[in-house]
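Okay, here's what each chain looks like letter by letter:
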Amino acid sequence: MNLQSTDFELFQLPVQFAQTRAVIDARWKELQREAHPDKFAAQGAAAQRLAMQWSVRINEAYQRLKDPLKRASYLCELHAAPINAENNTAMPPAFLIQQMEWREALEDASSLAQLEAIAAETSAAEQAQLAVIAHALDVQQDHIKAANDVRSLMFIQRFGTEVEARIDQLAS
Amino acid sequence: MALLQISEPGYTPDPHQRRIAVGIDLGTTHSLVASVRNGVAECLPDEQGRVILPSVVRYLSADKRQIGFEALAAQVEDPHNTIASVKRLMGRGLHDIADPSRLPYQLIDKPGMVGLQTAAGEKSPVEVSAEILATLRFRAEDTFDDEVFGAVITVPAYFDEAQRQATKDAAQLAGLNVLRLINEPTAAAIAYGLDNNSEGVFAVYDLGGGTFDISILRLTQGVFEVVATGGNSALGGDDYDRALANWALAKTAISPLENAADKAALLRTARAVKETLSTQSSVAFQLDLTDTRIDTIVTPADFADITSDLTAQTMTAVRKALRDAKLGKDEIQGVVLVGGSTRMPAIRAAVADFFGREPLTNLNPDEVVALGAAISANQLAGNHTGDDLLLLDVIPLSLGIETMGGLVERIVPRNQTIPTAMAQDFTTYQDGQTALALHVVQGERDLVADCRSLARFELRGIPPMAAGAARIRVTFTVDADGLLSVSAKEQGSGVVAQIDVKPSYGLSDDEIARMLQESFTTAQQDMQARALAEARVDADRMLLATQSALNADADLLEAEEKSNIDRLMAAVASARADADAATIEAANQALAKGTENFAAQRMNRGIQKALAGKNIAAV
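In the order they appear, the protein sequences are chains L and S.
So the first sequence is numbered by my numbering: it starts at 1035 and just counts up by one.
So the second sequence is numbered by my numbering: it starts at 17 and just counts up by one.
It is worth saying that the hints were derived from the structure and are not from the lab.
On a predicted model such as this, the values are computed, not experimentally measured, just so you know.
A portion of the hints provided could be inaccurate.
[To be verified] No more than 25 Å apart at the CA atoms, straight line, and that leaves these computed lysine-lysine pairs for DSS-like:
id, chain 1, residue 1, chain 2, residue 2
1, S, Lys342, L, Lys1100
2, L, Lys1100, S, Lys336
3, S, Lys279, S, Lys267
4, L, Lys1104, L, Lys1179
5, S, Lys505, S, Lys578
6, L, Lys1100, S, Lys345
7, L, Lys1104, S, Lys342
8, L, Lys1179, L, Lys1100
9, S, Lys625, L, Lys1100
10, S, Lys609, S, Lys578
Turn these sequences into a full structure, and let the hints guide you.
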């Protein structure tokens, strides 16, 4: 075990998409109990620096493992299928048409009820897409396909954030 | 006459076994110091038995000052030189202060942080705060008749980088070794959670004299995990006083006051009326001013009405924090009220109404923050407490850098668990560009102009390339105190630039050195003696830490490595006994260097231990 170990090695988890959030949370706290700089507050600068490196690394792994999208992206990367979201924006036409329809619906929406309906639809689409990704990663083991599915999920999530921002705006 | 102590046979008392560690709540209106004694955290009283120290400093002349109750009593008589609520000026420039004319002080516009003109000359808010901290440090040292080893100082969770750094500077100036800055709601949660043995998700609503914080925490087996935090670092009881004062002026048809003594007297009366309103159904607001008089009646309903905007602002922040935590209000197991301002019935009603449950108030809202800080300090100083507690805190505001068009690119989002390091790649804008100006900002808005500017630095020496070809990785590192450092590296050429985000708004090391020289420390003790004492404390600390590491894990070492460490320890011990400060420091450095590898091996063992018995099959 060292700072270069993968997130899964560090947290002693199977290298797969399906994970239990409670296990990740518990493992995170166990690791921080050992490595947090506070444990070394009275032990000089060298120990502090080392603890800081480990603690930062554990937090980094935790952020990536607990978030399904980040976890999926990371698995793709580990299997030599990086997401490259900036450079790879090719999407199937059907997906793009659906995105456009959503965006039109968002622009037309004026009431909180309409916005919440869109939010519910987005969140359902997100869950469905996560299931597709889980299947590609854990069953088909097709990481190229999974990377494409992750890119679609990023579009869906970004749209979801915009819907939430509109709801916040209207609520305040 | 004091009795002399004799130790038990076979037991050598080591004076460094138990180190004096204190928790300090450096508040807007008052401050407290607490420590763990015989396993229990308690606030330390002054000679008159008072635990509260009003956060007021009066400068009488170049070398004469009053701090606390004496200063508070002189507020009306000597408003220019009597500095109260200085916390609201920490890390703030003149342009940051809303309506500076309402303050009775002579403010000086200075880059970075505002200055104050007093009878003792120009003072920085950091120096004023240091006076308060030093008073509390002396109180603790008198109580224990021993040096304070270190302190945990609390700051509002919503304090930004500039305010945190200013607080740390003040502590340094007061001669305190800062073990940690911790957030006030987190400290309150520690005191509350340990006292009640609570588990679950809690909201801490902390309305102090000048700041408001809301934190959502998850408590599990001694781990205090901050899930989200929010607030306003310029909203507190002072604003309620001012709203009431303005209402009384308007009601009596008096134009805004010009005279500084009148202003101070009006605020003092408003505060007294506010406090009485918490227990009475109607209060007379009466005050003689220089050339007029206020005489009116206030009821709790009037007061709630006058201040409803302020209370509503706090509730908006509560809703936002819950949204950030992705939690519904029904998922909150308890709501803890902290800060003297939560004594106002209107606040209690608003909080109870929102959460649909009565808030918890069984700990003294004035003391709870200092008590939690003391518990944390005791543990950080290495005084074993039995119940291991761990704080996993977050940064309150997003950190980012300026990109083309005055836009902010966020690098560390708010509510990220600290310590953390996050990086992002940027590139050049023009062909042949060889330098990059980096502007570090903090805040949630998209435009640089709406965020707080933290630091500017440059990365130079980038080899000329086509626009967009360079790969510049900017890394933000936030330590456990919430303090930031930023580095930038061009990936191709390896050119590096780095900055601790401090000099542009905090105090430079030179300024600190000057203030130290001018301050009480020189008056009381010779600088050299102080340096020697500090080097010795460091030596003790290193020796103790190394010895306890050896006791636990010496089996990790090869014989040669072990004897090398023994030799370095002996060198520190002998330097400590009869050498000067520089020699002791050098021996300390050598020991620190010589144990780096050992520390790394111990860390690996610790990590392995955390995962012992857990493997893939167990999941």
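Evaluated hints:
1. Lys342(S) <-> Lys1100(L): The given pair, whose Cα atoms are some 14 Å apart, holds under the 25 Å limit.
2. Lys1100(L) <-> Lys336(S): With a Cα-Cα distance of about 22 Å, the restraint between Lys1100(L) and Lys336(S) holds, given a limit of 25 Å.
3. Lys279(S) <-> Lys267(S): Within the cut-off at roughly 16 Å; holds.
4. Lys1104(L) <-> Lys1179(L): holds (16 Å)
5. Lys505(S) <-> Lys578(S): violated (38 Å)
6. Lys1100(L) <-> Lys345(S): holds (23 Å)
7. Lys1104(L) <-> Lys342(S): holds (18 Å)
8. Lys1179(L) <-> Lys1100(L): holds (22 Å)
9. Lys625(S) <-> Lys1100(L): holds (22 Å)
10. Lys609(S) <-> Lys578(S): holds (14 Å)
Violated hint for the displayed structure: number 5, the only one.
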